[in-house]
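Asker: The listed protein sequences derive, respectively, from chains A and B.
Residue numbering for the first sequence follows full-length UniProt numbering, beginning at 1 and increasing consecutively.
Residue numbering for the second sequence follows full-length UniProt numbering, beginning at 1 and increasing consecutively.
No lab work stands behind these hints, which were simulated from the structure alone.
If you're wondering where the values come from, they're calculated on a predicted model, not measured in any experiment.
Heads up, a few of these hints could be off.
Straight-line distance between alpha carbons at most 16 Å, and here's what the computed EDC-like set of lysine to aspartate or glutamate pairs gives [as the list claims (entries may be wrong)]: (1) A/Lys65 with A/Glu26; (2) B/Lys23 with B/Asp91; (3) B/Lys321 with B/Glu300; (4) B/Lys23 with B/Asp52; (5) A/Lys260 with B/Glu130; (6) A/Lys246 with B/Glu32; (7) B/Lys189 with B/Asp171; (8) B/Lys246 with A/Glu215; (9) B/Lys101 with B/Glu32; (10) A/Lys133 with A/Glu215; (11) A/Lys203 with A/Asp226; (12) B/Lys260 with A/Glu130.
Distance ranges between label pairs, derived from CB positions [to be verified]: (13) A/Glu275 with B/Asp226: 20 to 26 Å; (14) A/Lys98 with B/Ala136: 51 to 57 Å; (15) A/Lys246 with B/Glu95: 34 to 40 Å; (16) B/Thr8 with A/Trp267: 50 to 56 Å; (17) B/Asn2 with A/Glu275: 48 to 54 Å; (18) A/Lys311 with B/Lys98: 52 to 58 Å; (19) A/Lys133 with B/Ser170: 56 to 62 Å; (20) A/Gly308 with B/Pro202: 39 to 45 Å; (21) B/Tyr51 with A/Trp267: 50 to 56 Å; (22) B/Leu60 with A/Asp226: 34 to 40 Å; (23) A/Lys311 with B/Lys1: 47 to 53 Å.
Where a beta carbon is used, it is the ideal one built from N, C-alpha and C, also for glycine.
Number of protein chains: 2
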Amino acid sequence: KNFQGFPTREDFDIVEYELPALKNGEILVKVEWVSVDPYMRAYSSRYKAPYDQFGFQVGLVEDSKDPRFPVGTRVVSHKGWCDYCVIDTNDTKSEVDKVYKLPNLKGLSNSLGVGAVGMPGSTAYFGFLEICKPKAGETVVVSGAAGAVGSLVGQIAKIKGCRVIGFAGSDDKVKWLEEIGFDKAINYKTADIAAALKEAAPKGVDCYFDNVGGELSSTIINQMNDFGRVSVCGAISSYNENNMPKASILQPALVFHQLKIEGFLVWRWFDRQAEAFTELIKWIQSGQLQPREHITEGFENIPTAFLGMLKGENVGKAVVKL
Amino acid sequence: KNFQGFPTREDFDIVEYELPALKNGEILVKVEWVSVDPYMRAYSSRYKAPYDQFGFQVGLVEDSKDPRFPVGTRVVSHKGWCDYCVIDTNDTKSEVDKVYKLPNLKGLSNSLGVGAVGMPGSTAYFGFLEICKPKAGETVVVSGAAGAVGSLVGQIAKIKGCRVIGFAGSDDKVKWLEEIGFDKAINYKTADIAAALKEAAPKGVDCYFDNVGGELSSTIINQMNDFGRVSVCGAISSYNENNMPKASILQPALVFHQLKIEGFLVWRWFDRQAEAFTELIKWIQSGQLQPREHITEGFENIPTAFLGMLKGENVGKAVVKL
Numbered sequence: 001k002n003f004q005g006f007p008t009r010e011d012f013d014i015v016e017y018e019l020p021a022l023k024n025g026e027i028l029v030k031v032e033w034v035s036v037d038p039y040m041r042a043y044s045s046r047y048k049a050p051y052d053q054f055g056f057q058v059g060l061v062e063d064s065k066d067p068r069f070p071v072g073t074r075v076v077s078h079k080g081w082c083d084y085c086v087i088d089t090n091d092t093k094s095e096v097d098k099v100y101k102l103p104n105l106k107g108l109s110n111s112l113g114v115g116a117v118g119m120p121g122s123t124a125y126f127g128f129l130e131i132c133k134p135k136a137g138e139t140v141v142v143s144g145a146a147g148a149v150g151s152l153v154g155q156i157a158k159i160k161g162c163r164v165i166g167f168a169g170s171d172d173k174v175k176w177l178e179e180i181g182f183d184k185a186i187n188y189k190t191a192d193i194a195a196a197l198k199e200a201a202p203k204g205v206d207c208y209f210d211n212v213g214g215e216l217s218s219t220i221i222n223q224m225n226d227f228g229r230v231s232v233c234g235a236i237s238s239y240n241e242n243n244m245p246k247a248s249i250l251q252p253a254l255v256f257h258q259l260k261i262e263g264f265l266v267w268r269w270f271d272r273q274a275e276a277f278t279e280l281i282k283w284i285q286s287g288q289l290q291p292r293e294h295i296t297e298g299f300e301n302i303p304t305a306f307l308g309m310l311k312g313e314n315v316g317k318a319v320v321k322l
Numbered sequence: 001k002n003f004q005g006f007p008t009r010e011d012f013d014i015v016e017y018e019l020p021a022l023k024n025g026e027i028l029v030k031v032e033w034v035s036v037d038p039y040m041r042a043y044s045s046r047y048k049a050p051y052d053q054f055g056f057q058v059g060l061v062e063d064s065k066d067p068r069f070p071v072g073t074r075v076v077s078h079k080g081w082c083d084y085c086v087i088d089t090n091d092t093k094s095e096v097d098k099v100y101k102l103p104n105l106k107g108l109s110n111s112l113g114v115g116a117v118g119m120p121g122s123t124a125y126f127g128f129l130e131i132c133k134p135k136a137g138e139t140v141v142v143s144g145a146a147g148a149v150g151s152l153v154g155q156i157a158k159i160k161g162c163r164v165i166g167f168a169g170s171d172d173k174v175k176w177l178e179e180i181g182f183d184k185a186i187n188y189k190t191a192d193i194a195a196a197l198k199e200a201a202p203k204g205v206d207c208y209f210d211n212v213g214g215e216l217s218s219t220i221i222n223q224m225n226d227f228g229r230v231s232v233c234g235a236i237s238s239y240n241e242n243n244m245p246k247a248s249i250l251q252p253a254l255v256f257h258q259l260k261i262e263g264f265l266v267w268r269w270f271d272r273q274a275e276a277f278t279e280l281i282k283w284i285q286s287g288q289l290q291p292r293e294h295i296t297e298g299f300e301n302i303p304t305a306f307l308g309m310l311k312g313e314n315v316g317k318a319v320v321k322l
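Here chain A stands alone, though its shape is the one from the complex (with noise of 0.2 Å):
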């Protein structure tokens, strides 16, 4: 079913289909690792139920019929919730719709594909680096800073040289982000926001990376310095509304000092995805970059999975193991 507010179990269903014979230029896949992510709730009105649920996968070539994925092979689709799927290779219609090989990891977690070093870990990098451009000694708050990608942008700031400050909705995460490096963490849900800030950033704010929208962002957008930049990645705040919520308007302080702010997708850098992941990959073996995934177990319980997580139940990169 199409999502009406906060979604439910009872919107998803399991259905199993008789896979077909291999034509040219498919492979079979057996999934290891299935991604639950924010724009999954974002996007579901864009198809019509009922829909196979998209989202990232990593899986192991079981059978091959184009050679440059053989039998064997670890690859990263869309394909999204399912143990086994078909993919064809030459289904390019979309840089998403693209299979690709995962990368190698050097011995990391495979489950990273479609967390660090997959779709979250590029929308960080490029999303943050191409968008706020953040030069060292400057100020960076994050929210959603718990998540996936918040959590990398945090640590790739601190990389860069900034101060970080980081927004999230429990004490654990706060606890967490101050050990992985931010030098705050802030519970936006019992803290007065804007006091709060302000003390964690006496020379004001530079860049915020904005995953959650509404009145938060409200608060930090107004504590920016001149020539500000914002990155905005998700309106998570949003995403279970059936209407647009409000919050203060953003007019003001855009114009007396200045700022920018710029939406983004991530596929706008699909070409240079392979850059990405390979910083990423050299920050993590360094020990700069802790990437920490929230597991659930069994192909059953990726809905709750997905739940959970908008729930904000997740700490790090959301993944269910098959």
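Assemble the complex: chain A is given as a structure, and chain B must be docked to it using the hints.
Answerer: Frame of chain A; chain B shown alone:
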């Protein structure tokens, strides 16, 4: 007094000063034209009352102790609402404090020095062209379209080959905007805004020049095409509110259509002002650009002109003739 809510006549007082003798580097100016603009409302809280009301003016040098500005020169300064003033020509604390010679208007009214060939002109020219970067054939929307800046932006957009839609607050303004070449003008007070815009912009909106902020802007931004650009010049809808108003959030549209929104102050391009003036004068002389002025007469009527402008009574640039 500093304004609280909508300004009133009682917030202003007319004071007589004895003008001091000129020192070296000073000029005595007899003021001829005084400007009233929305930013005067917005910036009020930055000053400790009582203060001399700032604002642009055009005047004639009557006495001079600076050979660069001999008697008889016409100058533009930010000395505000006065009938005579002494200007320190070496005051260069900020761009706005720099007095400069009125450009050669080739027979056009000197009042344009505080309008289409002054700060509002350069605001429209740079704020629109540099931030929206419009391309011929694109659809441009302007709010506050019948104001000093908005009416120029729409006409510049037409000169650049765009389709132009303006929002204004009365049927008379709508009529005038269509007379000067807007493809469509819409009365935002009476129209179903989303529907009227959809009809006027069947191919969607590529550029939006935002003078107002608030729900009108949220509605327009929600109808923008992928990679649309928004130039935020002002937020008139909020200036008379004591608390920041709320409106539908922009983040979902920003992300899904990869929009860019940027606020600006015109001083950013101060050193290129001559370029804007040259173009604007050329367009006015060729008849491609029709600047309209809303003239109030008499020094004592400046506050009334200001209040009328804030209420939207002006069509085109509001100026006062002394």
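Asker: Next step is simple, just say for each hint if it's right about the structure.
Answerer: So, going through the hints one by one against the coordinates:
no.	hint	result
1	A/Lys65 with A/Glu26	holds, 5 Å
2	B/Lys23 with B/Asp91	holds, 13 Å
3	B/Lys321 with B/Glu300	holds, 11 Å
4	B/Lys23 with B/Asp52	violated, 21 Å
5	A/Lys260 with B/Glu130	holds, 13 Å
6	A/Lys246 with B/Glu32	violated, 45 Å
7	B/Lys189 with B/Asp171	holds, 9 Å
8	B/Lys246 with A/Glu215	holds, 9 Å
9	B/Lys101 with B/Glu32	holds, 14 Å
10	A/Lys133 with A/Glu215	violated, 24 Å
11	A/Lys203 with A/Asp226	holds, 11 Å
12	B/Lys260 with A/Glu130	holds, 13 Å
13	A/Glu275 with B/Asp226: 20 to 26 Å	holds, 24 Å
14	A/Lys98 with B/Ala136: 51 to 57 Å	violated, 34 Å
15	A/Lys246 with B/Glu95: 34 to 40 Å	holds, 36 Å
16	B/Thr8 with A/Trp267: 50 to 56 Å	holds, 53 Å
17	B/Asn2 with A/Glu275: 48 to 54 Å	holds, 53 Å
18	A/Lys311 with B/Lys98: 52 to 58 Å	holds, 57 Å
19	A/Lys133 with B/Ser170: 56 to 62 Å	violated, 43 Å
20	A/Gly308 with B/Pro202: 39 to 45 Å	holds, 43 Å
21	B/Tyr51 with A/Trp267: 50 to 56 Å	holds, 52 Å
22	B/Leu60 with A/Asp226: 34 to 40 Å	holds, 36 Å
23	A/Lys311 with B/Lys1: 47 to 53 Å	holds, 50 Å
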